[in-house]
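Residue strings, one per chain:
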Amino acid sequence: MQNLKSFWIRKKISRFLSYTFLIFVIFNVNITKSFSDNLKMGESTIQQMIIEAQKHAIDTIKLEPNERSLKIELLNKKYINLDFMSKATTGSFWKKASETQKEKYKAALLKQIVLTIEEHLNTLATLSYKPTKSERRGKKLIYVRGLIEDPNKKKPNINLLWKLAANKNGSFLILDLEIEGISLVSSQKAEAVSILRKNRGNFDILLNKMTRDN
Amino acid sequence: MTKKYKFLFVKFITALFILNGCSNSTKFASENKDPFEKINRNVFQFNKYVDQKIISPISKTYVKKVPAKIRSGVSNHLQWMDTPNTIINSALQTDMENTILASAKFLLNGLTLGFYDLDKGETVIKKRDFGSTLARLNVSEGPFLMVPLIGPKTTRDLTGTILDRQNMATLSSNSIDDLSLAEVPINIIDKRSKMSKTLDNIYLSADPYVKVRSFYLQNRRNEIYSEKYIENKNNDLDAEFEKLLD
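In order, the protein sequence lines correspond to chains A and B. With my numbering, you'll find the first sequence wraps up at 1617, consecutive numbering, no jumps. With my numbering, you'll find the second sequence wraps up at 248, consecutive numbering, no jumps.
Keep in mind that the hints were calculated from the coordinates and are not lab data. Treat the hints with care, since some could be wrong.
Below, computed lysine to any residue pairings styled on SDA-like, alpha-carbon distance capped at 20 Å [said to hold, decoys possible]:
hint, chain 1, residue 1, chain 2, residue 2
1, B, Lys199, A, Thr1519
2, B, Lys128, B, Asn169
3, A, Lys1536, B, Glu233
4, B, Lys235, A, His1523
5, B, Lys245, A, Val1596
6, A, Lys1558, B, Gly123
7, B, Lys35, A, Lys1542
8, A, Lys1499, A, Arg1603
9, A, Lys1556, B, Thr125
10, A, Lys1542, A, Met1444
Per the computed footprint, the stretches of chain B lying under chain A, defined by three or more beta-carbons under 8 Å from a beta-carbon of chain A, are [as the list claims (entries may be wrong)]:
hint, segment
11, 52-65
12, 199-205
13, 209-221
Virtual Cβ for every residue (Gly too), placed ideally from N, Cα, C.
Given these sequences and hints, build the entire structure.
In structure tokens:
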């Protein structure tokens, strides 16, 4: 009787352990699958953007600078999370800005990003992009690393790091770009916050300075 | 170097170290460690004026008139002239792989006085200077400085640059020393021509001084510090980003 009871308990325990193991495996496979899916989506977003940027650089080479900028703006809007970048580059001052100021700041920031991209666009058209490594960071972020190489090896490689996160629709958007370790968001934040601090959070002064020469 | 100048030089280096020490002892300083911002901004305006009135026009003419092949040769030669500093400092930092690679490349390209890269860019050498050696020795970064005609530096890097120049002067003969002095303006023009668009865009930004400071500090820290530092920096940024995404 005692033997039968212990046999029964053992069987129960082993069944419980098997189910737990099975649930763990299924859960883990799902998580890993979703992680790798996200990584792939992040990588393909960057690949797609590079292809479009290179095509764009060649197609628009004969256009007037203003027309060219306008087309780059459209490309940027498609791939960049401008809302996030605006918040990240102004820190706690963002909450104090009015809706109009927020919209104006977003437009000015977009112009600055366009300037930075224009600076490298022709170079990008002649060089090749090679993805090197992607990794998931924390709960939401994805890092996609890549290299810009000169096929003739006359110019040194440029290391790029894209930081992405999915938006509400599930598509991945760029939050920050580091070129050779220099973060676009960090440098813009240093600049914007320095001006805002000096002017007691007055967004209009920042906006005047940002749009002064553009 | 005469006795008087040697004494002044030692005094200057000591002053820089003291300046370095009294400011902050933490290894990884924050971006805003700029106690001399007012003076720095004035120096930046001066440098900008000199750049826009003298250096930029010369560099534009240099790019227009001098063929790309010759410019590339000059650039290679300047890099080659700087390699002994990398060799010495890599050895001081016990980075033997970089020491050996840099020495081999220096000897190989020495056949053309460095004007032609016989290695064709196959060997990648990490540039090392005395500033990075001081960082390895845990000397703090010190306050940010804008040096007239030289540009952005931290006190540690300025000390390093002076010691690097001193190193070269001790190692080389007088004729090579004179030659390297003549190379200073060429070096400036060469660097300016490579950074032309970047600098012009910086001048257009809302606060060019802060932008230069941010670019310089980020770039320098990435060059000097280990992967652990970069990982820590990224972890901090990730936490900030995730908070904003919520």
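Checked hints:
no.: 1; hint: Lys199(B) - Thr1519(A); in the structure: 9 Å, holds
no.: 2; hint: Lys128(B) - Asn169(B); in the structure: 19 Å, holds
no.: 3; hint: Lys1536(A) - Glu233(B); in the structure: 15 Å, holds
no.: 4; hint: Lys235(B) - His1523(A); in the structure: 26 Å, violated
no.: 5; hint: Lys245(B) - Val1596(A); in the structure: 18 Å, holds
no.: 6; hint: Lys1558(A) - Gly123(B); in the structure: 8 Å, holds
no.: 7; hint: Lys35(B) - Lys1542(A); in the structure: 32 Å, violated
no.: 8; hint: Lys1499(A) - Arg1603(A); in the structure: 11 Å, holds
no.: 9; hint: Lys1556(A) - Thr125(B); in the structure: 11 Å, holds
no.: 10; hint: Lys1542(A) - Met1444(A); in the structure: 15 Å, holds
no.: 11; hint: 52-65; in the structure: violated (count 0)
no.: 12; hint: 199-205; in the structure: holds (count 3)
no.: 13; hint: 209-221; in the structure: holds (count 8)
In the structure shown, a violation is registered for the earlier hints numbered 4, 7 and 11, in ascending order.
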